[in-house]
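If you read the sequences in order, they're chains A and B.
FYI, the numbering for the first sequence is 1336 to 1493, going by this note's numbering.
FYI, the numbering for the second sequence is 368 to 1139, going by this note's numbering.
Some hints here could point you the wrong way.
[Claimed, not checked] Here are the computed lysine-lysine pairs in the DSBU-like style, where the Cα-Cα straight-line distance is at most 30 Å:
id: 1; chain 1: B; residue 1: Lys760; chain 2: B; residue 2: Lys749
id: 2; chain 1: A; residue 1: Lys1485; chain 2: B; residue 2: Lys381
id: 3; chain 1: A; residue 1: Lys1488; chain 2: B; residue 2: Lys381
id: 4; chain 1: B; residue 1: Lys424; chain 2: B; residue 2: Lys435
id: 5; chain 1: A; residue 1: Lys1463; chain 2: B; residue 2: Lys435
id: 6; chain 1: A; residue 1: Lys1463; chain 2: B; residue 2: Lys1007
id: 7; chain 1: A; residue 1: Lys1480; chain 2: B; residue 2: Lys435
id: 8; chain 1: A; residue 1: Lys1485; chain 2: B; residue 2: Lys938
id: 9; chain 1: B; residue 1: Lys1007; chain 2: B; residue 2: Lys389
Hints were generated in silico from the structure; no laboratory data involved.
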Amino acid sequence: MKSYKGYTQLVLRINGQMRKAVVSPNDTLLYVLREKLGLTGAKPGCENGDCGACTVLMDGKPVKSCIILAVEAEGHEITTIEGLKDTPIQRAFVEESAFQCGYCTPGFIMNAHAMLNTVPDADDHTIKEWLSSNICRCTGYEEIKRAVAKAQKIAGGV
Amino acid sequence: MGSIGISVVRREAKDKVEGRLKYLNDYSSPDLLYGAIKTSTFAHARIKSIDISEAIKMPGVRAVLTGKDLPYRFGIYLGDKPPLAIDKVRYFGEPVAAVVADSQREADDAVEAIKVEYEPLEVINSPTEALAESAVLIHEEMDQYAHIDAIKPEPGTNIANRTKIRKGDIKEGFEKSDVIIEETFSFPPSDHVAMETRAAVAEILGDGRIVIHSTTQAPFVVKNLMGAYFGVDPGKVTVISHAIGGGYGGKAGMQLEGLVYLLSKAVEGRKVKLVNTRDQDMITSPGHIGLEAKIRLGATKEGELMAAEILFMFDSGAYADYAVNISRAAAIGCTGPYRIPNVWCDSLCVYTNHPFATAYRGFGHIELAFVIERAMDILADKLHMDPVELRLKNAIAKGDTTPTQSVMDSNTGDLKACIRRTAEMIGWNEGTRIIAEDGKIRAKGFGCLWKAPAMPTNTDAGAIITFNEDGSINVHCGVVEIGQGIKTAFAQIAAEKFGIDVDQVHVIMDVNTSTSPHDWATAASRGLMMGGRAILSACEDAIAQIKHTAAQVLKCPEEDLHVWGGRVFVKDEEHIGLPVKDVALGYVYPDGNAIGGQVIGRGKYISRRLTGIDPDTGKGNPALEWTLGAEAVEVEVDPKDCSYRILKAACTMDVGKLINPTMARGQIMGGMAMALSFSKQEGFEFNDRGQVLNRDLRSYKTLRIGDAPEYLVDFVETPQGDGPYGARGLGEQGVIGIPGALANALSRALGVPYNHLPLTPESLWKKRRDNG
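With the hints as constraints, model all of the structure from the sequences given.
Take a look at the structure:
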């Protein structure tokens, strides 16, 4: 197992680009993304892994970047909201008004995007299971459910 | 071309789904210093000593402050709160010291090194305890606190405010009642849980000007209070509010701004950022008020309401903040939307050793409605009358009077239509309690809502309209975008007035108190009505200026001109005209001569004919407008363990005029979800020492996607005569009827009166057990 002591230069692969950052071993991935790399799309909501606002993808799987250390991300492919452009889920979120204040939106989109890639034909139960790791406090979730259904259609070419 | 009643996509949609919209904590700069606060581990204690000697020596630390350094007492209505505790702490989580350092980590480390010694005092854990004869005083020096006239603190007690309503003759009302019910209700303090925690950045410039960036719903209030609290000239204070990640009332008033200013002052005016952690946002910063209430409600045997005697004992927590006005608002609306001729209400704002309370969506009305709507069902049961019928019979209408004896005017919405439509949507007549084959019980519950803004009588809004070379419009208005979609609605209102595409209207998103026209606050669901009126007035002013210039060019009287669809033209000879873009920045003749200059539309609106209320009777006219509506809930309960699912939530609201149907639906569904979450599963859990046990989002459980019901939403449109295009406020209202409706559904399902929130399966089961 690799060990880190003191500040270390990391090379992280983020949104297809190699990014360098000098980090402390106890810096979270969220902190490094936001404060060292200028990628502020992932939001701090609880910094306790409870709300999902900081969700990013690590090798295509959603992770809560507030409870992952930056050093753990080395060697993995990281995708943040800044790495998604005009994806079905983003289009569907706009069309279905699946947000109000928008603070939870990047995290929700990252999680939903990963779900659509992993289980394209996710049923209601699966959708609830995946997306229950994110909190939205503004909507009643109906628009988010509709956006996911619409993105499934868009992605499936229906 | 119409822009009103169309579901225009919100302006900032693309930025939101791409993670590009910047919230305050997304901004950073190399010159920032970072603040951190040390909070109390006791709910009520004398501070024996604070040792900062180690903290001040730590690397990167620029300043360490304690209460002794900051001899202030603040409060928006009642000046009771020091920015850092002085001599004693009054709630678990209260700030006792603060650090400024070069980095957040260094600031946090220094906070850990501060040592505080406490001498515990008796803890007051409820309004009832606080009102006991023998209760220890939480604010011994209440008689020295400054307060506004409308607030009536009672020194020598724990009562921060008492509002009285005396309408009709309560004794006679009960004498005329054939049926009387008497009940008590309660819920604990809870939290807004906006996904973005509060944050503020302050710096003091060389010439003494103060610049504050804040996650505030009320930048102009902050500016004004900076003057009142610190003796600073408000003109030297600039408050800037960016996109806000949810407010729900929790970001109104003064939040972190005062303290972060003091931190900046301690480091020679350098720029300091202070961001709440989640647990600080939940307990150190203010949350949702708690309540204990008693009601007696009397009616004739035909179900006509005759008398209501109501005692509200609000759990304000350790400080008054907005709570003293929430308790007042609850008194003003104490009957709910029902015609009751005889009313007696005392609404008390009571200090306890709980985290303190501030504005929360519904502002007194979600609280009062829980009490009234449960009481209506209990009364209906006793009358052997259908609860919907009882509501229809007593629904307030034009010509009736409110608890403050003001008359519901011709702008009154159609509550009966709302009740009927909601009953239809939820299938009320198809049965309100059905036992399925598997033993599960499906039950329905009903709850009405009303709300008026609780705001100063001189509440205002302003708008400025400027033009671009392409003829498009810039709208500046001081209402803050907190997710409600107000900026998009404003664009629609301006586009409708000019007859242009809504894409031709640019709305300035950030609010800056030095450049935006004055606006009271983004609170009280008054943004659409008041900001909308100001924008309409600015449009009219701009149109008059366009006509003035165009009349000279077209050689015709101004009054013969019309501005529509990007042109100014002669009404009866439409082909004679000019593009607005050729006039709006001054008209230039072919020979180079220019006239008119740029068009700057100025608009304003101030609330009309509002008054305070009489201190002895509550008589007065404090309400700008009342939004009325009816809600219902259907649940499926497993009687074995009292677990349940919320199947449906329905709401019909009389919104006057729909400006943007999708966004209006979104506000209402979101409100219902928030209230379902609140009444089903939220609320602080305290130990007997007044410490909050559930102060993270793992143990404080908010509604998740899997818990969301099917929503049924509909609208009635009885125009608000003085609203923009007839619209009235709807942002908060969706929450109001839901707690009562849910409690009514569960009470019906299990045959047990559920009068205390939250309605967790465990609490349902315990109550049923205790009831035998």
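Kindly indicate which numbered hints from before are broken by the structure, ordering the numbers from low to high.
Of the numbered hints, 5, 7, 8 and 9 do not hold.
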